[in-house]
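Fit chain B with the ligands to the given chain A structure using the hints.
From first to last, the protein sequence lines stand for chains A and B. Residue 99 in the numbering used here sits at position 99 of the first sequence; the count goes up by one each step and never skips. Residue 387 in the numbering used here sits at position 387 of the second sequence; the count goes up by one each step and never skips.
No wet-lab data here; the hints were simulated from the structure. Hints may be right or wrong, so weigh each one.
[Stated by the list, open to error] Distance condition first, Cα-Cα at most 20 Å in a straight line; then the derived PhoX-like pairs of lysine-lysine: (1) B:Lys183 with B:Lys202; (2) B:Lys183 with A:Lys24; (3) A:Lys3 with A:Lys44; (4) B:Lys247 with A:Lys131; (5) B:Lys202 with B:Lys70; (6) A:Lys18 with B:Lys183; (7) A:Lys24 with A:Lys14; (8) B:Lys149 with B:Lys38; (9) A:Lys131 with A:Lys100; (10) B:Lys183 with A:Lys44; (11) A:Lys3 with A:Lys14; (12) B:Lys183 with B:Lys345; (13) B:Lys47 with B:Lys247; (14) A:Lys18 with B:Lys17; (15) A:Lys18 with B:Lys202; (16) B:Lys183 with B:Lys32; (17) A:Lys3 with A:Lys24; (18) B:Lys47 with B:Lys70; (19) B:Lys70 with B:Lys38; (20) A:Lys24 with B:Lys202; (21) B:Lys47 with B:Lys32.
[Unchecked claim] Only part of the chain B face toward chain A is listed, based on derived beta-carbon distances under 10 Å: (22) Pro39; (23) Glu85; (24) Asp91; (25) Trp127; (26) Lys149; (27) Leu150; (28) Ser179; (29) Tyr200; (30) Ser243; (31) Gly244; (32) Arg245; (33) His336.
Quantities reported herein were computed from a predicted structural model and do not represent experimental measurements. Built from N, CA and C at the ideal position, the CB exists for glycine as well.
The residues making up each chain are set out below.
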Amino acid sequence: MNKIAENYADEIQKIIAKYPAEQKRSAVMSLLYIAQREDGYVTKQDLNEIAEILEMTPTEVVTLVGFYTLYHEEPGGQYRIQVCNDLPCALRGADEFLEKLCENLGIQIGETTEDGLVTVEGVMCLAACDKAPMFQVQTGEGLAYHEDMTVESTLELIEDWKREEK
Amino acid sequence: MANYILLRHREIPDIHKLDVYRKNGGFEAFEKVVTTMKPDEVTEIVKTSGLRGRGGAGFPTGLKWSFMDKDNWPHYVVANADESEPGTFKDREIMESNPFQFLEGVAIASYAVGATEAYIYCRGEFWELTQVLDEKIAELEEAGLLGDKLFGTDYSLRIYTHLGAGAYICGEETALLESMEGKRGQPRLRPPFPPSFGLYGKPTVVNNVETLTNVPPIITNGGEWYKNLGTEDTAGVKVFSLSGRVKQPGNYELPFGTTFRELIYEHGGGISDDRSIRAIMAAGASSALIVADDKALDTPMDYASVRDLDADLGSASIIVIDDSVSIDWVINKTIHFFEHESCGKCTPCREGNYWMGHIIERIHAGQASQNDVELLHSVAKQIENKCLCALGEFSIQAVMTGIERFPQDFEAAIK
Ligand SMILES: Cc1cc2nc3c(=O)[nH]c(=O)nc-3n(C[C@H](O)[C@H](O)[C@H](O)COP(=O)(O)O)c2cc1C
Ligand code: SF4
Ligand code: FES
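The shape of chain A in the complex, shown without the other chains (with noise of 0.2 Å):
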């Protein structure tokens, strides 16, 4: 049984119907996006499926979830809080953000804490260097921007989470 293929069938449909009949192929990088969305990560048997989907061997489709950055093939925090370090940015404190996020979190860099709630990374351009410190916030679902943070506003955000989880 295909779990992919059945649950998201009609969305996978919309996605192929952007390419050409016989580039199936280039459909996905949107469906590795959509297997994340259970488990905010890849599992083995979501490879085999995408590739049984596309008319792929798994081993394209794994090559794939190792060269770009956000797909993951180990199962992260449920919120990924990927800080952006890059040169512009630590121009303007994200590096000192970054360590006092982590230290106030009682992680270090790459960590989840232990509640499984977050995982800290640092992370490299965003597009939005003149808003340091910021990060993006990868979820199962997607991605969204947060900028021109403090380590307090961050903190209040993690608890505004903490909330909804209960």
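Only chain B with the ligands this time, still in chain A's reference frame:
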């Protein structure tokens, strides 16, 4: 005369709404070309305008369109919305705040090269923005401005978005096409160039978002009008992304030929904490480091003048560096960026950046000697001219010029 050609939302805040865009002349240019002009006539106007690509390479846009192989069909237009060069955030503002002008530009380019299908390749991080673009495209279809048999002619056009997933190299046009085809985003050997062998092996024009957003006003006002903006060398206006150690970072739409000084001190409000400027990177992290002396500050920003400073203007992403940081710290950042973003296809780029990463860490940690600084320079030198795509060259610009132009910082670091 309006002050803005591209960032028009700063004068007309609601221009992201279709009715407001149309009230201000929106889609008249597209209708005009489809109903009254031959495709080649459109390309001729763009050639006359002197418009050059805003994605970094500065290639003449009309000329690129004229290279499309007319013996091989279908043709495609792909808008490059991968915007990932550190320090660049102009395409995002254009698409967020003046999306219809960009989409009209995609439409006109498509008509000019005979494409009936166009794609917008958005970096994966523009997830929310891409959803909004999808809505805007749907609105255009609803309004009969996209779709079949437009304006009662035989011309049909569909525009689709395609979401990337986080890889700087996918901004390189052939890597972008590979990525669109569902493969890893690794550059192709060129030639053949996309206008003869592009998406799915078909002739394809790849243009930057800002480039395409210039097209509707060029059609409306004429090529001569645009050519008279900017300088002799570089026609037109540019959205300069200003970042780093300035008081007012942001996007500034200005004519080419504006000096660094005007951008940084008048528009940018000067250096943060009133410190002293030391270096300028004019093309994001891919830049040579320019020593910010009076000569450099008074240099007009066009392609030729910045070249005279032994640097490139590229996508005009101006990163300002002051005396609060040392240059070894700066290149530590750029090296790690390129080490992370190298696609791994060629050895000099992959291994070279890996080694540069190790050496700069040692230097920056104060565990290195003068030999290591020389080694770093020589590793960079060995990457030069040996790579398949420009990323390899980009990766060594700041390293080599940093060591050559700011030796005192490295001496201090190894003490
Ligand atoms: C490593 C690398 C990254 C690039 N990134 C971008 C980008 O993010 N956006 C862009 O428009 N062009 C980028 N380019 C330039 C494109 O390859 C191409 O020249 C451009 O999209 C052509 O459009 P234009 O003529 O309108 O500038 C990049 C080039 C290289 C080598
Ligand atoms: S130069 Fe670097 S990024 Fe470009 S193709 Fe070679 S390895 Fe890939
Ligand atoms: S450097 Fe952080 S968004 Fe560009």
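_Structure versus earlier hints - violations, ascending order_ = 13, 14, 16, 22, 26 and 27
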